[in-house]
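J.: Sequences listed follow chains A and B, in order. Positions 2 to 116 (the working numbering) are the ones given, in order, by the first sequence. Positions 521 to 632 (the working numbering) are the ones given, in order, by the second sequence.
It is possible that some hints are incorrect.
As the list claims (entries may be wrong) - Calculated lysine-lysine pairs in the DSSO-like style (CA-CA distance at most 27 Å, straight line):
| hint | chain 1 | residue 1 | chain 2 | residue 2 |
| --- | --- | --- | --- | --- |
| 1 | A | K25 | A | K69 |
| 2 | B | K589 | B | K546 |
| 3 | A | K79 | A | K25 |
| 4 | A | K69 | B | K619 |
| 5 | B | K590 | B | K546 |
| 6 | A | K25 | B | K619 |
| 7 | A | K69 | A | K79 |
| 8 | A | K79 | B | K619 |
| 9 | B | K576 | B | K590 |
To be verified - Covered stretches of chain B (in silico footprint by chain A; criterion: 3 or more residues with CB under 8 Å from a CB of chain A, positions within the stretch not fixed):
| hint | stretch |
| --- | --- |
| 10 | 533-541 |
| 11 | 562-568 |
Claimed, not checked - Heads up, incomplete: computed chain A residues facing chain B, CB under 10 Å, no partners named:
| hint | residue |
| --- | --- |
| 12 | G4 |
| 13 | Y36 |
| 14 | Q38 |
| 15 | L44 |
| 16 | P55 |
| 17 | E63 |
| 18 | S67 |
| 19 | F75 |
| 20 | C93 |
| 21 | Y106 |
| 22 | F107 |
| 23 | P109 |
| 24 | G110 |
| 25 | R112 |
| 26 | V115 |
Rather than coming from a laboratory, the hints here were simulated on the basis of the structure. Just so you know, even glycine gets a beta-carbon here, dropped at the ideal spot from N, CA and C.
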Amino acid sequence: DAGVIQSPRHEVTEMGQEVTLRCKPISGHDYLFWYRQTMMRGLELLIYFNNNVPIDDSGMPEDRFSAKMPNASFSTLKIQPSEPRDSAVYFCASSFWTGGRYEQYFGPGTRLTVT
Amino acid sequence: SQQGEEDPQALSIQEGENATMNCSYKTSINNLQWYRQNSGRGLVHLILIRSNEREKHSGRLRVTLDTSKKSSSLLITASRAADTASYFCATATFFGNEKLTFGTGTRLTIIP
């Protein structure tokens, strides 16, 4: 298995632009998580899905952030409009929790820089 | 706020020595997990210990859990240069335990 795939790996954009991050979870996994990592705040859970349905989005910082999971093999995290404080590494992770496997598998991350 | 707090924040040891990292948490847990993150990479799961377990081993890793003190420790024996990374503990509560809350991490440097 290729593991969790994220794209792009790096994104540099100007303030006010729309940014879309993409994630392909491991096939067969039923949970998908989006995290943000910064030096100041560490690793924060933004939102997670179970079988494509959003379960908890309490970590989404504000309305500029939105996430979708249209099918079991694809999810997006969108920031519109982007701001410099959104600069961070965004990780997607998946797990097969229902199958009794509680560990999460992380993608390589997308490093977002907003200028 | 962070559920887990690792201690120390940074640790440097000579290759071949043992490295011990500690994690404290605040609420009751279902399980506790340790992850490693190499620079510029995603986190990798190392080991999971359930709330009814006290100790677990995996290769050169030994994890202990003391639920009365709400703390866990990760021991890496016979360290290698490749062990240089950041190590995070993550906790899952009994309700909504499919999601994890990560600690602040320990930066481990192995000196060859």
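J.: Need the list of violated hint numbers for this structure, in ascending order.
T.: 10, 16, 17, 18, 19, 26
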